[in-house]
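Enquirer: Residue numbers (the numbering used here), protein chains in the order written: chain B, 1 to 585; chain F, 1 to 219.
Simulated from the structure, these hints should not be mistaken for laboratory data. Glycine residues also receive a C-beta, built at the ideal position from the N, C-alpha and C atoms. Treat the hints with care, since some could be wrong.
On the chain B side, residues computed to face chain F include the following (Cβ under 7 Å) [to be verified]:
#	residue
1	112
2	115
3	182
4	197
5	224
6	227
7	237
8	241
9	243
10	244
11	259
12	273
13	302
14	464
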Amino acid sequence: MVTHDTGGGHHHPPTGFIRKYVFSLDHKVIGIQYYFLALFSVFLGMALSLLMRIHLVWPNAKLPFAPGGQMTPEQYLALVTMHGSIMVFMVLTTAPQSGFGNYILPIQIGAEDMAFPVLNMLSFWTTFVSLVVLVSAFFMVGGAPISGWTAYPPLSALGQITGPGEGAGQTMWVIGLAIFCAASLMGALNFITTTLDLRTKGMTLGRMPLTIWAWLITAILGLLAFGVLLAACILLLLDRMAGTSFFIPGGLVVTDTPITWHKGGSPLLWQHLFWFFGHPEVYIAILPGMGVASHVLSTFARKPVFGYRAMVAAMSAIGFLGFCVWGHHMFISGMSPYSAFAFSIMTMTIGVPSAIKTFNWLGTLWGGKIQFTTAMLFALGFVSLFVTGGLSGLFLAQPSLDLYLHDTYFVVAHFHLIMGVAAIFGIFSATYFWFPKMFGRMMNEPIGKAHFWLTFIGVYCIFMPMHFLGLAGHPRRYSDTSGANFLAPLHSVHYFITIAAMITITAQLIFLFNLFYSMFAGEKATDNPWHATTLEWAIPSPPPFDNFAGHVPSVYRGAYEFSVPGATEDYIPQHLVPEKVGKAY
Amino acid sequence: MPETLTPDIEIIEPGHVHGGGGDVPAGGDDDGDSGSGLPGIPQRAYFTAIQLALVGIVMFFMALTSSFLVRKGLGDDWVAFGLPRVLWLNTLVLLGSSVTIEVARRHLHEGFAAAFRRWWGFTSALGVLFVAGQLVAWRDLAAQGVFLATNPSSSFFYLLTALHGLHLLGGILALSYVAFRRWQRSRITQVTAADLASIYWHFMDGLWLFLFALLYLGR
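My request is simple: use the sequences and hints to build the entire structure.
Expert: Written out as structure tokens, the structure reads:
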């Protein structure tokens with residue numbers, strides 16, 4: 001491997017505990033910090049969903065936190081809101097992009113760190129503050145907000161009068177989100193600059209691993225989307241605290257109190273701003289998973305990615321179209337049928353690049369010598385969930401069908417499969433794949449496979465039946481349906497879902513055990529345990545402080561040179577000098 | 001007697017190594033800033049970053065602009081009010097500051113450190129004057145009984161001027177940083193930093209012209 005000295009530019013490792021592990025400038029430490037922030041958040045979010053599932057099936061169950069032991073409808077809504085907000089922002093946005101992106105991206109492009117390490121540290125700690133502020137909503141007078149993760153006004157804008165949690169709790173929620181926007185903008189700027197300007201010699205755009213492409217496109221989406229959410233949050237805060245009427249219409253009467261001090265505002269304006277951010281946000285969650293799935297499928301099928309350029313083009317198209325389809329969340333909000341038609345066509349167009357990606361994943365697998373590692377299983381699971389969740393998107397994209405399906409469990413099933421669980425499978429795949437590099441030890445494969453099968457079957461058992469609930473007209477966000485006779489026969493479906501959720505959530509404890517056990521007692525990992533090609537496998541596991549110990553490798557070929565005829569091994573690392581390709585390495 | 005180049009400014013050829021060109025490595029790399037304890041990066045990365053930051057800021061203000069247009073178009077309660085006359089003066093001050101910052105920047109590029117500091121100082125003073133002028137405009141409106149929550153038109157006026165003012169205060173901080181920081185131990189050169197601050201400053205100037213036009217024509 002030919003390297004070039006970086007001319008004394010490399011930095012020296014910090015020595016104190018605080019600078020090394022807390023306020024670290026090292027992208028690897030920051031990546032792991034993000035990962036653990038997301039890990040904490042995902043278990044918190046899961047606990048909230050478990051409480052919701054228990055309440056839906058056993059409404060009289062005594063729950064520890066509820067006064068008198070009974071959950072009120074408002075408390076149920078608070079759980080809905082916080083589950084969604086924590087999962088979307090603190091898990092799906094942080095782990096795949098800020099977590100793995102931070103750790104892996106600089107190494108894969110041959111950089112010693114992100115372009116702006118101080119900014120990187122700031123974005124992590126800003127994210128941490130936003131998590132603290134968001135979770136603090138639980139402890140405000142009235143508790144957490146009840147307006148859902150989309151916080152539609154006027155419910156979210158009028159304050160305490162609209163319900164418990166709509167006072168200080170909703171305020172903390174809005175502030176927490178605004179802080180999160182700032183953190184994400186800093187992160188996006190750092191990711192794009194690093195990818196554009198810090199690639200090593202020979203790492204042309206066409207040789208970048210698809211993970212890098214995915215993180216780059218995700219960062220671009222973040223840069224364009226989070227500023228819009230920030231603006232919306234500021235307007236909402238002013239409506240709540242300064243008496244303005246951006247979103248609050250006149251003539252409202254809330255629990256017999258006429259609202260006379262607001263008039264003329266447009267609740268639709270919030271929906272436009274929120275979903276202009278919110279739809280790209282869906283792709284911010286899923287695109288890194290697409291990158292990881294492509295990368296892992298190729299590695300363990302021992303074949304190049306089928307249609308590399310098409311994959312890049314498809315991800316770019318998905319990213320671009322993501323900004324043109326926000327209206328499909330608003331079909332029943334009072335939209336001109338012509339606009340709805342345009343949004344509908346644009347939305348269904350996303351099916352084209354999505355189908356290209358799926359076709360190419362299958363093409364990558366076709367005829368490969370497939371190794372069923374746990375990382376591979378989760379990547380395959382990602383493809384499966386992406387297809388299942390994506391297909392129901394085509395139903396919801398049609399205004400005529402959406403009139404019926406909107407705000408039913410059909411939507412819950414759709415977005416959990418594609419945005420929630422598929423993205424989580426991407427995170428799991430990345431975890432099992434890069435764990436050896438990050439911690440220098442292997443994760444336990446048999447336990448990992450047990451975790452995969454329980455989770456894979458479990459999530460299908462949870463979310464597939466929700467399609468039928470939705471088709472039967474079951475509305476989402478209802479804490480109690482005992483008053484609606486037509487929903488009574490569906491109780492057994494709810495019962496099945498709750499049992500499946502309990503088993504699936506328990507299975508995540510297996511993952512947690514595997515993660516921590518392997519961190520300390522796993523089998524020692526070699527530098528390149530998967531016989532993979534990209535630069536992170538050219539350095540020790542775990543990597544030294546400045547990644548390449550001052551000798552950054554050059555790159556001579558694309559990222560997926562597997563099973564090349566004439567090579568001595570079935571993989572050719574990106575950094576291997578051409579003269580050595582025919583010889584042992 | 002012409003001023004001389006401050007010795008700690010190093011002139012870097014931007015980005016001759018990184019960025020993935022070519023197949024074969026050449027020797028040598030990087031611009032070798034090692035004093036800060038952080039890895040060296042090509043100076044052009046800073047220009048990439050400032051452009052990206054401006055893209056983010058554009059999206060932020062475009063979201064507010066479309067809110068302005070939607071709120072005005074959908075609501076039936078929009079009441080126009082006369083914009084304070086001092087805004088025209090403020091606009092001239094800000095336009096003037098774009099000229100002075102350009103003069104300062106060119107002095108720095110030519111190595112005239114003292115002239116650079118003088119014009120850089122003028123620019124900061126004009127920036128402070130602009131912000132003070134905006135506060136005068138606010139007081140003027142308040143004296144007429146027009147406050148933040150009076151009408152959506154005034155809400156947007158206060159909001160947009162406040163957010164632009166905050167961004168400009170950030171610019172003034174950046175100017176002070178460029179003027180007073182010690183450059184011996186930094187990854188970024190003073191020339192680059194001054195270029196970045198100028199780009200940001202011109203952008204804030206242009207943004208104000210846009211917002212002023214929006215507030216004036218859309219009132």
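Enquirer: Measuring from the C-beta of residue 302 of chain B to each C-beta in chain F, is the shortest one below 7 Å?
Expert: 25 Å, violated
Enquirer: Is the interface hint for residue 259 of chain B satisfied, with its Cβ closer than 7 Å to some Cβ of chain F?
Expert: Given a least distance of 14 Å, the restraint on residue 259 of chain B is violated.
Enquirer: Holds or violated: the hint that residue 182 of chain B contacts chain F, with Cβ atoms closer than 7 Å.
Expert: 10 Å, violated
Enquirer: Return the status of the interface hint for residue 197 of chain B: holds when the least beta-carbon distance to chain F is below 7 Å, violated otherwise.
Expert: Status holds, d = 4 Å.
Enquirer: Against chain F, with CB atoms and a cut of 7 Å, does the hint on residue 115 of chain B hold up?
Expert: Check passed: Cβ of residue 115 of chain B comes within 5 Å of chain F, closer than 7 Å.
Enquirer: How about residue 244 of chain B: closest beta carbon in chain F under 7 Å, or not?
Expert: Where the cut-off is 7 Å and the nearest Cβ of chain F is about 4 Å from residue 244 of chain B, the hint holds.
Enquirer: Hint residue 112 of chain B vs chain F: min CB-CB distance below 7 Å?
Expert: Residue 112 of chain B check passes; min Cβ-Cβ to chain F is 4 Å, inside 7 Å.
Enquirer: Double-check residue 273 of chain B for me: the hint is only fine if its C-beta lies closer than 7 Å to a C-beta in chain F.
Expert: It holds, given that the least Cβ distance between residue 273 of chain B and chain F is near 6 Å, below 7 Å.
Enquirer: Let's test the interface hint: is any C-beta of chain F closer than 7 Å to that of residue 224 of chain B?
Expert: 5 Å, holds
Enquirer: Should the hint that residue 243 of chain B touches chain F count as held when the rule is a Cβ pair under 7 Å?
Expert: For residue 243 of chain B, the interface hint holds, since the closest Cβ of chain F sits about 4 Å away, which is under 7 Å.
Enquirer: Taking the closest Cβ pair, is residue 241 of chain B under 7 Å from chain F?
Expert: Result: violated, 10 Å to nearest chain F Cβ.
Enquirer: Grab the minimum C-beta distance from residue 237 of chain B to chain F and call the hint holds if it beats 7 Å, violated otherwise.
Expert: 11 Å, violated
Of the numbered hints stated above, those contradicted by the structure are hints 3, 7, 8, 11, 13, 14, listed in ascending order.
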